[in-house]
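Residue strings, one per chain:
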Amino acid sequence: MRPISIRAACLLFGLMTVLFAGRLGAQEAVVPDLTGMSLEDLSAVHLSTASRHLEDPRKAPTPVTVITREEIARYGWRTLGDILRSVTGFYTAYDRTYTYAGVRGFLQSGDYNARILLLIDGHRTNDNIYDSALIGTEFPLDVDLIDRVEVARGPGSSLFGTNAELAVVNVFTRQPDRRTGAETTAGGEAFAGRTSEVRATLRAGRFAGLFSGSLFRSNGAHRLYFPEYDAPESNNGIATNLDGDRYDHAFGMVRSGQFRLEGLLGRRSKIVPNASYATIFGDSANRSIDTVGFLDASFSHDFSSRAQLDVRGYYDAYRFFGSYPYAEVNGAARAVQINDAASDVLGLEAVWGEKLGQHRVVGGFAAEHSLRIHQRNYYVGSAPYLNDNRTLDHDAFFGEAELNPSAHFSFNAGGRVDWYNLFGTNLSPRLAAMYFPTKATSLKYIFSHAFRAPDPYDEFYVDLVDSTASTRSIEPESINTHTVLLEHAFNPRLHMAAAGFANALNDVIKEQVDAEGNTHFANQAGDTGRGAEVEVVAEDASGWRARSSYTFASTRQKPGHARVMNSPAHLAKFNGVASLARAGYVGAELLFNGPQSNYLGQRIGSSFLANATLTSRPIGNRFEISASCYNVFDRRWSTPTGPEVTAPATVQDGRTWRFRLTYHYSPERKSSR
Amino acid sequence: MSRAPQEDRPAIRSRWRAVALWLAVLLPLLPCRLPGQQDERAVRAAFVFNLTKYVSWPGEHRRLVIGVVGDGEMGAVLKQVLDGKLSEGRRIAVVQHAVDAELNECDLLYVNNVSPAQLRSILARAGKRAVLTVGDSDRFVRAGGMVGLIRSGDQIEIEVNLQELRSRQLNMSSRLLNLATVVSPAEGGR
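Listed in order, the protein sequences are those of chains P and R.
Read in order, the letters of the first sequence are residues 1 to 673 in this note's numbering.
Read in order, the letters of the second sequence are residues 1 to 190 in this note's numbering.
Source of the hints: derived by calculation from the structure; they are not laboratory data.
Hints are all accurate, no fakes.
Simulated pairs of lysine to any residue, SDA-like, Cα-Cα distance not exceeding 20 Å:
1. R:K79 <-> R:R91
2. P:K510 <-> P:S109
3. R:K53 <-> R:E105
4. R:K53 <-> P:D33
5. P:K355 <-> R:D71
6. R:K53 <-> P:M37
Computed, partial: chain P to chain R, Cβ under 8 Å:
7. L42
8. V45
9. Q175
Glycine residues also receive a C-beta, built at the ideal position from the N, C-alpha and C atoms.
Modelling step: build the complete structure from the supplied sequences, incorporating the hints.
Structure follows, in structure tokens:
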């Protein structure tokens with residue numbers, strides 16, 4: 001018998017697939033029976049605005065962790081950074097100015113989480129100058145306004161474009177409540193930290209609005225000791241009252257049916273206590289102020305139950321103000337350098353999603369035009385030595401097809417083409433093959449290529465005189481990721497996920513120091529990372545819930561094979577909530593980070609952190625109380641710093657606490673019932 | 001990338017051939033049923049089931065007839081999920097594509113994907129009988145329907161026209177009303 005050729009076999013496979021797909025397309029989909037759910041539960045069901053991307057969570061072409069509003073309250077998380085460090089494969093560092101997130105062994109100093117894409121209700125919030133994803137107190141949204149956080153580990157550029165190299169973090173805000181009402185929260189915490197928050201839902205006819213305003217003020221640690229500055233002329237290394245942190249947030253959302261108008265404004269000011277960038281130690285003029293705002297109007301229209309169009313138009317604004325006191329500048333004993341930056345951007349995005357039989361396709365485009373990209377550096381009283389003004393354009397087309405030839409197989413192929421006037425085009429593909437041997441088990445292989453476009457800070461920022469500026473041309477960096485993912489539900493209350501991953505980061509955009517000691521950014525050979533992670537989630541009908549994970553990551557530089565900085569090989573986490581009968585809940589969190597090294601190759605020891613939170617059940621339907629203790633065992637721990645900080649590591653807080661009281665107000669319903 | 005030595009290539013070919021053949025033969029034999037998706041249609045069907053529990057009709061009913069009119073998919077979905085189910089001791093029967101004669105039998109009428117003119121006609125044909133009209137378009141309650149299951153963002157919201165309900169001697173429990181937005185006649189006219 002003549003053997004069949006490869007070409008013929010592939011042709012046959014394709015033909016059978018198409019025929020089979022057509023046969024499936026004619027079938028009625030099986031709709032699950034949710035009639036056992038209560039009215040209240042049904043009212044709370046999310047139909048997921050990202051449904052076109054993640055129609056069925058089992059078929060997500062990436063590992064996804066969802067953190068709910070309830071978990072945020074039960075574990076007493078104060079910032080998005082607190083939330084993220086509980087997620088499998090994530091870890092954070094804090095240099096007492098910004099919080100940085102690492103994922104699966106990658107956390108590069110010198111940038112601001114530019115390899116993580118941060119979205120609020122699907123709206124990109126990485127700023128347009130530094131690409132920074134702000135996750136500490138600099139995150140412009142109150143944690144109490146978060147309904148859930150969907151964290152997709154691994155690249156997501158095939159749908160979302162730049163920055164989605166290591167993870168896509170999508171923060172979904174709360175929706176207006178079902179009734180007009182208000183709630184106010186007052187909080188007190190260590191370091192004289194105090195919070196005031198007011199949230200209100202207003203309803204008028206078909207319009208529903210959610211409005212929120214909040215203030216946070218913290219004196220920070222009264223005394224911080226930095227041994228690197230332990231000399232009489234620098235107060236023996238003691239920074240007194242130099243850790244102040246404050247933010248103001250405003251948020252508003254109005255919706256009517258499928259139309260939504262949403263806006264936020266957040267301003268955060270932080271005193272920098274550790275004399276970063278070789279500034280004068282102990283000088284309170286060293287501070288950073290970030291202001292983030294956006295206005296986003298979106299409309300979703302269902303052409304049928306199988307076809308949907310989403311359109312979004314937006315305005316983004318970002319301002320940065322940094323002041324840096326220096327000694328001995330141009331003959332002056334002290335001079336304050338100001339870095340300020342501003343961007344104003346308009347954008348438009350449209351996404352079409354349609355189910356074709358059992359298959360699904362998504363397509364869309366995005367266009368962005370910056371009205372202003374401005375960076376300026378100057379010494380107070382002197383002319384600017386950097387005064388860079390740009391207008392940048394960026395367009396993109398993207399598409400994804402989910403092919404479901406049978407109950408046991410699903411294939412996902414997608415890609416995105418991005419065009420930047422700064423450097424040209426970039427293609428980001430993703431391919432996934434999934435096998436479902438049973439309803440409870442899935443095995444997935446995912447290949448994805450993602451990129452990070454050079455941002456205006458990378459391209460145009462200079463320290464004083466940049467001798468390389470005329471010859472510099474930064475290319476996008478990219479990452480290739482292979483992931484094998486096994487997910488299994490032992491029963492409805494016990495789930496497990498295990499993944500193996502291999503990353504290759506190419507042409508990494510890294511901070512360079514020239515012969516004069518000035519910094520700029522350039523592409524460098526990349527890093528490689530391999531590892532594995534396992535996560536187990538269990539819950540019990542009585543209110544007990546636990547999530548535990550372990551991640552191993554080995555991340556090496558491409559030339560030399562040396563370990564990269566800020567990369568703990570071992571991460572272990574446990575989060576558990578227990579119900580205290582009628583009193584409330586206790587939430588406990590245990591976080592272990594293995595040892596890692598900083599940018600100088602110095603070893604930073606492992607850390608073990610335990611946090612606990614008690615939350616009451618609603619008291620008289622009006623009050624809720626919570627009390628949290630962080631670093632319960634008062635263990636000393638540090639996180640690595642980047643080259644901008646003299647200290648090799650930043651000592652983190654010891655045992656701290658927080659109390660919160662929330663009051664809910666709901667006017668009596670005027671009813672004609 | 002290094003190429004495989006020449007003598008290994010036939011082996012690789014035959015391996016690929018085997019994989020392709022295996023897939024070509026096996027794929028069509030696999031079961032067709034997709035795992036259940038918790039989608040919007042399922043949520044709507046569950047809401048309708050809850051309506052049958054928390055709305056009371058005048059008189060005694062052993063059977064509860066749900067009629068579906070319109071071109072959308074909900075007829076098939078309600079038939080699949082609710083037909084034959086017991087609600088408060090009453091057996092539910094779902095009638096898809098209900099025609100005039102069947103409309104008179106209905107206790108609950110689900111209006112799915114119709115034009116404004118069709119909607120007016122359907123509501124007129126429902127007459128003054130005690131039939132609970134349920135729709136999923138944004139304008140349903142405004143147009144004179146009783147209960148709207150409206151998509152608002154990523155959730156389903158319930159809108160209720162109490163005046164219409166009461167005019168047909170239909171009563172809605174406070175548990176359901178607590179979750180609903182009551183549209184007054186003034187709002188209904190906007």
